[in-house]
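> Sequence order for the protein chains is S and A. Quick note on this note's numbering: the first sequence kicks off at 1 and runs consecutively. Quick note on this note's numbering: the second sequence kicks off at 1 and runs consecutively.
It is worth saying that the hints were derived from the structure and are not from the lab. For clarity, every value in this text was computed on a predicted model and none was experimentally measured. Backbone N, C-alpha and C define an ideal beta-carbon position, used for all residues, glycine too. Any given hint could turn out to be false.
Across the chosen pairs, the derived CB separations fall in these ranges [as the list claims (entries may be wrong)]:
no., chain 1, residue 1, chain 2, residue 2, range
1, S, 49, A, 183, 51 to 61 Å
2, A, 26, S, 14, 20 to 30 Å
3, S, 38, A, 138, 47 to 57 Å
4, S, 35, A, 252, 20 to 30 Å
5, S, 11, A, 80, 40 to 50 Å
6, S, 11, A, 192, 19 to 29 Å
7, A, 138, S, 23, 41 to 51 Å
8, A, 71, S, 46, 11 to 21 Å
9, A, 252, S, 41, 22 to 32 Å
10, A, 188, S, 14, 43 to 53 Å
11, A, 97, S, 14, 43 to 53 Å
12, S, 46, A, 87, 16 to 26 Å
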Amino acid sequence: MTTVLAALDGNVADMGKAIAFGVGVGLGAVGAGIGIGNIFGSMIQAVARQPELRGELTGIQWLGFALTEAVVFYALLGGLLAYVLV
Amino acid sequence: MNALFGAMNVVLAATEDFEPQKEFELPAWVSIHIGPLDMSINKAVVYLLVGAAVTCILGIWIMRFGLSLRPNRRQTIGEALYDLIYGQIAESSLPSKGLALWFPYVAALFLFIWILNLIGFIPLPISDEHVHIAGVELPTWGVYAATANLSVTLALALITFIATHFEGIRFNGPVRYFKSWVPQGAPGPLLVLIVPLEVISQFMRLISLSVRLFANMLAGHMLILVMIGLIFIFESYALIVIAVPVATAVYIFEVAIVVTIQAFVFALLSAIYIGGAIEPEH
Numbered sequence: 001m002t003t004v005l006a007a008l009d010g011n012v013a014d015m016g017k018a019i020a021f022g023v024g025v026g027l028g029a030v031g032a033g034i035g036i037g038n039i040f041g042s043m044i045q046a047v048a049r050q051p052e053l054r055g056e057l058t059g060i061q062w063l064g065f066a067l068t069e070a071v072v073f074y075a076l077l078g079g080l081l082a083y084v085l086v
Numbered sequence: 001m002n003a004l005f006g007a008m009n010v011v012l013a014a015t016e017d018f019e020p021q022k023e024f025e026l027p028a029w030v031s032i033h034i035g036p037l038d039m040s041i042n043k044a045v046v047y048l049l050v051g052a053a054v055t056c057i058l059g060i061w062i063m064r065f066g067l068s069l070r071p072n073r074r075q076t077i078g079e080a081l082y083d084l085i086y087g088q089i090a091e092s093s094l095p096s097k098g099l100a101l102w103f104p105y106v107a108a109l110f111l112f113i114w115i116l117n118l119i120g121f122i123p124l125p126i127s128d129e130h131v132h133i134a135g136v137e138l139p140t141w142g143v144y145a146a147t148a149n150l151s152v153t154l155a156l157a158l159i160t161f162i163a164t165h166f167e168g169i170r171f172n173g174p175v176r177y178f179k180s181w182v183p184q185g186a187p188g189p190l191l192v193l194i195v196p197l198e199v200i201s202q203f204m205r206l207i208s209l210s211v212r213l214f215a216n217m218l219a220g221h222m223l224i225l226v227m228i229g230l231i232f233i234f235e236s237y238a239l240i241v242i243a244v245p246v247a248t249a250v251y252i253f254e255v256a257i258v259v260t261i262q263a264f265v266f267a268l269l270s271a272i273y274i275g276g277a278i279e280p281e282h
């Protein structure tokens, strides 16, 4: 908010950084969102077809979930680094 | 309703310099400097000590009072925890010759990170800010997770990293172990590209392992702080209707799911890395 307001004083660089941060994290979230949806969709299909495998699949499911979800945080860290350092 | 807002006005006046980012600042409480090393005791160190103590007490409470054939509630909890760590984490990822050796490490890692994450969401009177009640200076009740600090998670990841390569060399010998990094049957020119990538990926594990836990906990705490902070930034009580339920939902999501999943994944990936080094594929 303050950075967007700062642009009115001609401080366009701050606003650009804020927008870049938001767009970067947003794009990272899009990818991870598709991936997590995919994982849980596949899990539902797998359990529907072979319910007896549920116990074995749950561990793999959460591993995949955490690995995919971490992508957002790499985007977040990259965005923060760009925001602070550039 | 007006009385409520009046009471909140008093609270707001008392905390008009509300700075949520202070949760992540770590001023030294007991300054200890050994040469160039800064070993000062700060909030994160206190949280680590509390976490270690709780983990030890939990282990002793569960397993050191004798096991019976007709399990009581305490033993059922212990067996469920053991079953989760042994069945879901250790058994499938550690080879049989390293299982007995590295199961305690993986179990301790899971319990320690889980407890650290969990006490990070329980308000404790360990904080830098103080309130004066009847002339006595007391620390405010704050939340802070030691795992929301990159140094802590990086140290944990370093232990796994060193253990991985130590065990790889010990079980296979240095030549066979480092040969296993080179894929078999790849054409010569490609190896120039593949081998550096393989070496880099070993170090990327260190980064991904530590940053995953750190960023997850940091983002969870920041989300709650930002939601509550919106009320103070815009100075509008109408936002309570939106901000407090959303913050509560995030809190429940973090405590119910993220806390356990992150500890689980950290322990599981550690087990997979160590298991992969003990018994390389090639």
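> Each hint should be assessed against the structure and marked as holding or not.
Consistency of the hints with the structure:
At about 34 Å, the beta-carbon gap between residue 49 of chain S and residue 183 of chain A misses the expected band of 51 to 61 Å. Checked against the given bound of 20 to 30 Å, the beta carbons of residue 26 of chain A and residue 14 of chain S, roughly 27 Å apart, stay inside it. For the hinted restraint 47 to 57 Å between residue 38 of chain S and residue 138 of chain A, the CB-CB distance of approximately 50 Å keeps it satisfied. Distance hint check: the CB atoms of residue 35 of chain S and residue 252 of chain A are about 24 Å apart, consistent with the given range 20 to 30 Å.
As the Cβ distance of residue 11 of chain S to residue 80 of chain A is approximately 56 Å, the hint placing it in 40 to 50 Å is violated. Taking 19 to 29 Å as the suggested C-beta distance range, the pair residue 11 of chain S and residue 192 of chain A does not conform, at roughly 47 Å. One distance hint, 41 to 51 Å for the beta-carbon pair residue 138 of chain A and residue 23 of chain S, holds here, with the actual separation near 44 Å. Look at residue 71 of chain A against residue 46 of chain S: about 33 Å separates their beta carbons, and that is not inside 11 to 21 Å.
The given range of 22 to 32 Å is respected by residue 252 of chain A and residue 41 of chain S, whose C-beta atoms sit roughly 24 Å from each other. Taking the beta carbon of each, residue 188 of chain A and residue 14 of chain S are about 51 Å apart, inside 43 to 53 Å as hinted. Remark: the range hint 43 to 53 Å for residue 97 of chain A to residue 14 of chain S is contradicted by a beta-carbon distance near 58 Å. At roughly 19 Å, the beta-carbon separation of residue 46 of chain S and residue 87 of chain A lies within the given 16 to 26 Å, and the hint holds.
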